[in-house]
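Protein chains in written order, with our numbering: chain C, 1 to 305; chain D, 1 to 305; chain L, 1 to 305; chain G, 1 to 305; chain B, 1 to 305.
Just so you know, the hints here were simulated from the structure itself, not pulled from any lab data.
Every residue, glycine too, gets a C-beta built ideally from N, C-alpha and C.
Check the hints yourself; a few may be wrong.
If we take Cβ atoms under 7 Å as the criterion, some of the chain G residues that face chain L in the derived model are [as the list claims (entries may be wrong)]:
| # | residue |
| --- | --- |
| 1 | Ser14 |
| 2 | Pro140 |
| 3 | Asp186 |
| 4 | Ala217 |
| 5 | Ile226 |
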Amino acid sequence: MTERVREILGWYRSENPGVLTNLARMLNHGRLGGTGRMVILPVDQGWEHGPARSFGPNDAGYDPHYHFKIAIEAGLNAYAAPLGFLEAGAADFAGDVPLILKANNHDSLADEKDSWQALTASVKDALRLGCVGVGMTIYPGSALRKQMYEEVRAYAEEAKANGLAVVIWSYPRGTSLSKEGETAIDVAGYAAQIACQLGATIVKVKLPTAHIEQDAARKVYEKEKIVIGTLADRVKHVTQCAFAGKRVVIFSGGAKNDNDAAVFDECKAIRDGGGFGSIIGRNTFQRKRNEALKFLDEILKIYGK
Amino acid sequence: MTERVREILGWYRSENPGVLTNLARMLNHGRLGGTGRMVILPVDQGWEHGPARSFGPNDAGYDPHYHFKIAIEAGLNAYAAPLGFLEAGAADFAGDVPLILKANNHDSLADEKDSWQALTASVKDALRLGCVGVGMTIYPGSALRKQMYEEVRAYAEEAKANGLAVVIWSYPRGTSLSKEGETAIDVAGYAAQIACQLGATIVKVKLPTAHIEQDAARKVYEKEKIVIGTLADRVKHVTQCAFAGKRVVIFSGGAKNDNDAAVFDECKAIRDGGGFGSIIGRNTFQRKRNEALKFLDEILKIYGK
Amino acid sequence: MTERVREILGWYRSENPGVLTNLARMLNHGRLGGTGRMVILPVDQGWEHGPARSFGPNDAGYDPHYHFKIAIEAGLNAYAAPLGFLEAGAADFAGDVPLILKANNHDSLADEKDSWQALTASVKDALRLGCVGVGMTIYPGSALRKQMYEEVRAYAEEAKANGLAVVIWSYPRGTSLSKEGETAIDVAGYAAQIACQLGATIVKVKLPTAHIEQDAARKVYEKEKIVIGTLADRVKHVTQCAFAGKRVVIFSGGAKNDNDAAVFDECKAIRDGGGFGSIIGRNTFQRKRNEALKFLDEILKIYGK
Amino acid sequence: MTERVREILGWYRSENPGVLTNLARMLNHGRLGGTGRMVILPVDQGWEHGPARSFGPNDAGYDPHYHFKIAIEAGLNAYAAPLGFLEAGAADFAGDVPLILKANNHDSLADEKDSWQALTASVKDALRLGCVGVGMTIYPGSALRKQMYEEVRAYAEEAKANGLAVVIWSYPRGTSLSKEGETAIDVAGYAAQIACQLGATIVKVKLPTAHIEQDAARKVYEKEKIVIGTLADRVKHVTQCAFAGKRVVIFSGGAKNDNDAAVFDECKAIRDGGGFGSIIGRNTFQRKRNEALKFLDEILKIYGK
Amino acid sequence: MTERVREILGWYRSENPGVLTNLARMLNHGRLGGTGRMVILPVDQGWEHGPARSFGPNDAGYDPHYHFKIAIEAGLNAYAAPLGFLEAGAADFAGDVPLILKANNHDSLADEKDSWQALTASVKDALRLGCVGVGMTIYPGSALRKQMYEEVRAYAEEAKANGLAVVIWSYPRGTSLSKEGETAIDVAGYAAQIACQLGATIVKVKLPTAHIEQDAARKVYEKEKIVIGTLADRVKHVTQCAFAGKRVVIFSGGAKNDNDAAVFDECKAIRDGGGFGSIIGRNTFQRKRNEALKFLDEILKIYGK
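In isolation and in its complexed conformation, chain C is listed as follows (with noise of 0.2 Å):
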C-alpha cells in the first residue's frame, strides 16, 4: 500500500472497511496500481447508443469478451458495464480486473431532452458477480433529477451498507441547459459537487469548457478572478469543487476522436491540474485492438509519470 493510496483512503474514514477496500482494489490494480491515478474503460454504449452506433465501428466490441480483455491487456483500473455485459463475461475473467455495475441506463429511442435513467441492475446483482462498486448516472439540469437523485441515494446507501463503492457519472443534461453549457466550467464543477454531496465514492464528469452557463456563477468567477484559462486550470478548479481534491474525480474522454495527440493532451491537463484519471470508452473500444492497447498505453504512461 503506497502512501499515497492511504492518504486517499483517509479522505473516507466515515464509510465502513469494505467500501475502503473496495475503493483500494480499485486504486491498487492495474499499471497505475498504487499511483493515486485511475484509468476505467466503461461500455454501456451499447444500451445508451445502440450497438451499432457503438460497435460498428470496431465489430469486436460486439462481443463482451472484447472489452474485459482489452481492460485485462491494457492493465486499467476497473472495467464497467451494465449487467449484460458483466454477466456474460464475470466468470470467464473472475478476479482479473475490478468490476464496476452500471446499474441504471438510458437509451436512446426516444429525442428527450429532459432525460431519465432507469434502474437495470441491484446491489445484490454486484455482489453475485463480485463487482468492487457500482455506477449510477445522474443529470444534473434534467426536470426528471429530482427522481434521479432520489433513486441513486437510495441504491447508494445500500451499496455503500454491502460495502460497495459507489461511482457516479454526473452529466448535466435538460432543458435548462443550453448544449454548451453542459461542458460548462461553472457547471461541471456544480455536478462534482452534487455527486460528492450525494455520498459518491469515484466521481466521473466530462471535461469542462471555458464557457460559463450561469450569470449568477459568472459573477463570482469574474469577481473572484478564478482560474479558467487553461484545461489544467479547469480540472484542478473540477477537482476542488469535489471537496477540495477530497473525493476521486475521474474525467470522460466523450466521443471517439481522430486526434490522438488531443486525447493525450487531455490526459496530461487532468494530470497537471490534479484529476485522478480518465474514463475511455469509445476512444477505447472504436478502434481495433492493436491500436487500442497502444493508445492505452500512451495514456497510462501520461499517468503513470
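Add chains D, L, G and B to chain C, keeping to what the hints say.
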C-alpha cells in the same frame, strides 16, 4: 442544565426522550450552551447555489473539514450539511459538534419558479453519522408544496421515532408569491406556523420585512394593529406565529453582507424580539477564517448577553 | 477533544461515526470527561436481585429519579439501567447524563446453575429514549452461552448500525466453573476477550483474583511467568486480554463493601493497571445520598489523577 | 383534571400522549374518576379456569354483555377481558367504559408446574375494539419466563407506540417457588419491580402475605427492619417496589370470598398502604347481579374516601 | 491470471462470479499468488482457547493489528479471524490482505464432549468489513452436528449468494469418536467429504494419521489397498476425498511445534501429496515476530517450488 433550557424542553413534552435529548444537546453545546439561544452553521449552499458561487469568495470552504473546524472553534451550537459534506468529516470530528443532516436538497441548475427538494439522505444515514437531528426544507407557496409537506412529514415522523430532532427550513417561494412577498411579514409568520404544524422541533425562517403580501392578511394586521414596525417587532411576531414562542425559531442571515454592523443589528433585533438565534452560512464561510471567527465571536457575544 | 480521547476513538475505525460519537459522548461527559477514564452507575439490581435486596439498605433507591440525580450530581460518565427505570426518568433528565439501556436482564427467582438473560428492550427503545448505547450481559461458561452469544451478536449488529455503542457485561458463570473460578484471572481475561470478539465497544468484567481455574491455562501462566501478583497486575493482564488495551475495559465493584478504603484501593489498582474505570452500582446506591456522593467524589479523584 | 391525576401522569413523561391519554381515561372514568384510585373488572377466568368453574355460580356471567353492564352500572374504571368477550360487546357498549384487551391467556386443561401464556390478540385488535390498553400476564419464577418476558416486551413496545396503556399481571409461579412463596412479600415486591422494568403502565399483583420466600431476601428484610406486619404495610412495601410508588399498582382479590368483610378489609389495607386500587373478578361475577353491585358499591366507597 | 488458478476456478463453475472472484483474490494474493497454493493465517484461538493460552507465549499477539501486519509482511494469501479482531483492524489495513470472517466460534470454558459453535457474525458483517469470505467450523461426529450442518449450510447459502467464498473448518470431534479417531485417515477423509458436500469453497482439515477409526471403513481400506503409509499418501487420499482434488483443501498445523523441521516436513508432505497449502495459526503467532516471519518464509518457499 439551566432553567431556561429546562423551560424550552418543557414545550416539547409530547416528544420522546430521544428528541428532547438531542434538542438539549444542541442547546447545551458551544459558547451559547445553556442560554436558550443558538447559532448554527449551515453549509448546503454548495448544493443549493453551486460550489463556485458558494466557496469562490473564500476557497478554503471547498474543503469539508474547514466547516467542521469553524463550527468547533467558534463554539457554535451545531453544524448542518448534506450527506456528502457530513460523511467527509463525521468520523474525523466525531463528538466535537452536534451535527444536523440536511436531508433534502435542491440545485439551481434549472430556472424553476415552483421548486421542490429531493430527499438526499435517509434517517438511517443520520443515525450512522451520529447526528442530533435532520434538516428539511419546505417551500410554502410553491405549486409543489403538497408533495413537499407530505415528504417532510413522513420523514419527520421516522426521524422523531428514532429520537432525532427535526429542523425545518421554511422558505416561502413559488408562482403565487411576489419576490418581495417571500419575506413579507405575513408570509414569514405563515411559514413559521406551517413548519410548527408539520411537527418541527426547530424552525428556520428568513428575517421578514414590513411588507404584507396577502390582502386578506393585511386587513387583519391593520385592524388588529399588529406591531411590525421594527425588525425586533417582526421577529417577535414571527416567534409568536411559532406557537406563541413555544417552538425554537431561528433566523437565517441570507446572502453575504459586507456591512457587518447591519448583520449585528439583525442579531440584536432577533435577540430583542425573542428569537432563539441565527443560522449563518454565507456570512461565515465566505470570509477568511480569522475574519469569520471574529465575526461569529461578535454574534455570540450579542446572543450571550 | 483531548488527545487521549482522540487516541481511544482511533482504535474503533471500523465503526461508523455514530458509534464513535456516542463513545465520545461518554468519554467527554462528567468530571472525568477527556481523561479517557470512565465511572458508570449501573442500576439493574432491582431486576437481577430483587428490589428489597437492592434498595432496602437505602430506600431512596426505590425511586428511579434518585439514580439519575446521583449520576448527574456526582458527575459520572453514564447511567445504565433497564427499560422501566430509564422510561421513568429519561424525559425528566433529558440531556443531563449519557444513558445506556440495559437491554437484557435476568431475575433470581429461580436457582439456575446455567443462566440466561431475556431480551427486555429493543434497539428502537434505546433510540427513542435518547441513549448513547445499549448494555448486554453474557455468561461465558454457562451451558446456555451459545444462545446468549448469538442473541447479543445480532442485537449488537443492529445497535451499531444505528450508531449506538455496545457495552457487554461479561460475567463468567455456569456448571463448568467453580464459584472461585468465576473471578479467576484466566477466566476474567477470557471473558474480556470474548466480549471484544463479539464486537463490544466497551467491556465490563469483574475484578479478578489470582486464582487460576483452568489447568490448560495454568501451564501457560506459569511457563510464561505472566505477572498476576497484585490487583494492578491482574487489571493490566485483563486489559491486555482486551485487544492489548485497544478496547475500553471497565471493572465492576461487586457487592456493597463497608470498607471504603478497600474499594478505593481497587480503583487505584484499576487506574495503575491501565484499566479504564469502574462501574459501581451497589456501593453507590446502597449508601445514603450524601455518603454516596462523597464516596464517588473520592473515586473520581483517584481516576482523575 | 384533578391535581392527583395530573401528578400520576407526571410519572410517565417518557410515554407518548396517547399512552397518557388512555391512562387518564381510566383514571378519570367512573365513580373513582379523578381520585387516582381504580377498580377494574377482569373477566378472563372463562379461559383461565373454564366456563363452568367461572360462571356456574352465577350463570348470568356466561353472557358477555353481563360483565360490560356490571362494569358500567357499578361505575368502575375499566373492564378487562380476552378477545372474544370484548368482541361480543365492544360495539354495543362503545364509549360506555374503558376496555382493556387481555392479550395473552392460558387454560387449565393441563397440569403444568412451569406455565406459559399464549398471545391471543393483537395490538391491532385492541385498536379496532377501541380499547384504552392491553393486558398481559407474566409468571416470574416460571422456567419459561425468559420467553414470556420477551413476548410481553415486544408486545408492550408495539402497544405503547400505538398509544395504548400496558397492564401487566405479574403472578409469580413455577418450579422454583413454593406455593406459599407465590404470594410471599419478597416475591410480590420482586414481581412488581419486574413488571415496572418491562415498561408496564399499570401493574397488577396479588395481595402479599408476610411470608418471605428467598433466603437472600430474608437477610435484608430482617437487617433493614422492613415493616411488613400488617397488610397495609405490605401493600406499602409492594408499592414502593413499583418505582417508589411512581407506577400505578393494583391488587387482585383472588378467589371468591364469602366473607365480604374480609374483602373490604383488604381494600382498606390497599387504600391505607397507598395502593391504587383493586381488580376484582370472581368476587364480582360469581354473585348475583344485585349483590355484586352492592358489593362493588361498598368497595368504591372505601376507595373514594 | 495463471493457468493453475484458472484451472482451479474451473472446478467451481456453478458458483457465481462473486465467489469465483473472491477465491481468485485469495489465490492471487501474496507470495504464493498464482501458484494455486495458499497459506492462511487464522487467529481465532483467543476465543477458542482463551487469550493467555493463545498469546501468552508471544504477547505482541494480544494486539489485533499485530496479526494483520504479520499476514501482510509475510505475504500470506489471507487472514482469518472473528468479528472483533477484524473490526479492530479492517479499516486500518483496508485492501492490504484478503480477510476471512470466522463467523462461528466456541470457547473452552466448559468441558463439553459434544461441542457446538455459536454464530458470532453475520454475512452483512463480512460485506461491510470487506472480507473475501467467511469461515465456519463443523464438528463431524458431534451429537450436535445436525444443528451445525444446518446452520453452516444456511449461512453458506447466504454468503455465496452475496459473492463470498465459504471456508469450512471440518474438525471431527464428539462422543462417538476416540481421541485418536479425530485425526484418523478414514475420519479425516470423511470430514473433508462432508465439508465439500455442504458446498464449501475451501476445506480445512487436520493432518491425518494412519489410524483407521471405523471398522466398516477399515475393511475397505484394507481390501482396496488404499495407500496411507506416508503423510504425503494420506494428504493425497484426503485431497481425493475432497472431490478428487477438485476442491481446495488446506491443512492445519495444530499446536505450536518447537521442532520447525517437523513442520516443514509436514508442509512438504502436503505439497507432495497434492494438498493446496496450510493454515498456520499458533505456529505463527506464538513465536516472536522475526522468528515468525522467518518461519513463514521457509514455508512459503516450500509451497512456492
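Each hint tested on the structure:
1. Ser14: At 4 Å from the nearest chain L Cβ, G:Ser14 passes the 7 Å test, so the hint holds.
2. Pro140: Holds: closest Cβ of chain L sits about 5 Å from G:Pro140, inside 7 Å.
3. Asp186: 6 Å, holds
4. Ala217: 6 Å, holds
5. Ile226: 6 Å, holds
Of the numbered hints listed earlier, not one is contradicted by the structure.
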